[in-house]
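Chemist: In case you want the letters, here they are:
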Amino acid sequence: MAAEAQNALTDYKVVDDAIPAPLTDRKGDPEAGRAIVANRQVGLCLLCHTGPFPEERFQGDLAPDLRGAGGRWNEGQLRLRIVDSSRIVKDTIMPSFYRIDGFHRVAPAFRGKPILSAQQIEDVVAFLQTLKDQP
Amino acid sequence: MTRSIARGLCAAAAVALILSCPIRSGDAGNIPLDQRRSSYELMSPPTRAMQDDDTANPGTLWVLDGEALWQRESGAAGQACAGCHGDAAQSMKGVAARYPAFDASSGRPIDLEQRIVDCRVERQRAPAPARESKELLALTAFVARQSRGMAIEDVAGKDERLRPFLESGRAAFEQRQGQLNLSCANCHDDNWGRSLAGNAVPQGHPTGYPIYRLEWQGMGSLQRRLRNCMIGMRAETYAYGSPEYVDLQLYLAWRARGMPVEAPGVRP
Numbered sequence: 000m001a002a003e004a005q006n007a008l009t010d011y012k013v014v015d016d017a018i019p020a021p022l023t024d025r026k027g028d029p030e031a032g033r034a035i036v037a038n039r040q041v042g043l044c045l046l047c048h049t050g051p052f053p054e055e056r057f058q059g060d061l062a063p064d065l066r067g068a069g070g071r072w073n074e075g076q077l078r079l080r081i082v083d084s085s086r087i088v089k090d091t092i093m094p095s096f097y098r099i100d101g102f103h104r105v106a107p108a109f110r111g112k113p114i115l116s117a118q119q120i121e122d123v124v125a126f127l128q129t130l131k132d133q134p
Numbered sequence: 000m001t002r003s004i005a006r007g008l009c010a011a012a013a014v015a016l017i018l019s020c021p022i023r024s025g026d027a028g029n030i031p032l033d034q035r036r037s038s039y040e041l042m043s044p045p046t047r048a049m050q051d052d053d054t055a056n057p058g059t060l061w062v063l064d065g066e067a068l069w070q071r072e073s074g075a076a077g078q079a080c081a082g083c084h085g086d087a088a089q090s091m092k093g094v095a096a097r098y099p100a101f102d103a104s105s106g107r108p109i110d111l112e113q114r115i116v117d118c119r120v121e122r123q124r125a126p127a128p129a130r131e132s133k134e135l136l137a138l139t140a141f142v143a144r145q146s147r148g149m150a151i152e153d154v155a156g157k158d159e160r161l162r163p164f165l166e167s168g169r170a171a172f173e174q175r176q177g178q179l180n181l182s183c184a185n186c187h188d189d190n191w192g193r194s195l196a197g198n199a200v201p202q203g204h205p206t207g208y209p210i211y212r213l214e215w216q217g218m219g220s221l222q223r224r225l226r227n228c229m230i231g232m233r234a235e236t237y238a239y240g241s242p243e244y245v246d247l248q249l250y251l252a253w254r255a256r257g258m259p260v261e262a263p264g265v266r267p
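Sequence lines, in order, name chains A and B. Its first residue numbered 0, the first sequence is counted upward by one per residue in numbering that gives the first Met the number 0. Its first residue numbered 0, the second sequence is counted upward by one per residue in numbering that gives the first Met the number 0.
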């Protein structure tokens, strides 16, 4: 039971297409967020997305360019899009980064865990807000 | 705008891709038969050349080992494969192009590897070679090599007994799984040709197996490759030889029906 409690996710409230309130008390750190986005084992973002990462040679194009994301969406909209994009586009291929239920055959090492922690989500949101320039 | 970039990318891609840009997902459905491509076509010219030239194709080493094993008496029965099957160039021609096939004794489809294992155990009374062992990969590569250039047969379409297993394989292909919640179809039906972290997403046709994969620096079966994808999706893998894999292999073979066998393939 204790282990389950540790895995429980922070509650959040969806308002329209956004989660207006941060998931944590600590303000997101855009630099930490950038590192998460660029890391293909942590954020996984660049597998599908391209972004302003001149040092990263291999980026994906299955999904929109991240540049300009901070102009297209406000903080709360970005948060929901990372937490659970499927609440906006039901059959999106974008993973739900802060969800642990409704999945099929999750590998034991990842079972009951979200892809990113609440604090990591806040960091990524803070970073994406800085991406105002369009591609 | 992102949308215009996405459109630009799409314009450079095949017509089929344009239809559902910028983001496709879920249920775009199967690839039209005339738009299917082996992932060979996505490879760089040097990697293609490596596959094309038997003296440069590392898979040839396994084929040659398999040929030696084919001739060697083995097991308590003291029988060689050649003792019953003779010249593989004749007897094994086309065999790999019709696997997985229905196996009467187990009442379900088995893949080529399992057929070889069964033959070794039941006919030769030899120990069962382990999945992904050098022995089994070598024999499979040697047998598969005899079908190079031949069209993958529509076994599941012709054999009524395979239908439920085909449907199970199709369902597995379309089932989202793992922490990343992706299905095979999400990438290999709906996003082939796009760049996944710099690698072109293939359509996922099993034309070259067993393959020499540069990333592995070794030979591996289709089941090994399927496990790689499942691990990438952070999904729980099945044990080697599991019926779930064979059903999926059956669906992949049906999906690739008519495409030529390339074994032993080379892949990045």
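Don't read these hints as lab results, they were simulated from the structure. All C-beta atoms, glycine included, are put in the ideal place defined by N, C-alpha and C. Possibly wrong hints are sitting among the right ones.
[Stated by the list, open to error] DEER-style ranges, computed between Cβ atoms: (1) Glu54/A - Ala48/B: 28 to 34 Å; (2) Val41/A - Ala67/B: 45 to 51 Å; (3) Phe57/A - Leu60/B: 47 to 53 Å; (4) Pro44/B - Lys112/A: 38 to 44 Å; (5) Val41/A - Gly156/B: 42 to 48 Å.
Chemist: Using the C-beta atoms of Val41/A and Gly156/B, is the stated range 42 to 48 Å upheld?
Modeler: Holds, since Val41/A and Gly156/B (Cβ atoms, about 44 Å apart) stay within the stated range.
Chemist: Measuring from beta carbon to beta carbon, are Glu54/A and Ala48/B in 28 to 34 Å?
Modeler: holds (32 Å)
Chemist: Taking the Cβ atom of Pro44/B and the Cβ atom of Lys112/A, is their distance within the range 38 to 44 Å?
Modeler: holds (43 Å)
Chemist: Please test the hint of 47 to 53 Å on the beta carbon pair from Phe57/A and Leu60/B.
Modeler: violated (30 Å)
Chemist: Within 45 to 51 Å: is that where the Cβ-Cβ distance between Val41/A and Ala67/B falls?
Modeler: holds (47 Å)
Checked against the numbered hints listed earlier, the structure breaks hint 3 alone; every other hint is satisfied.
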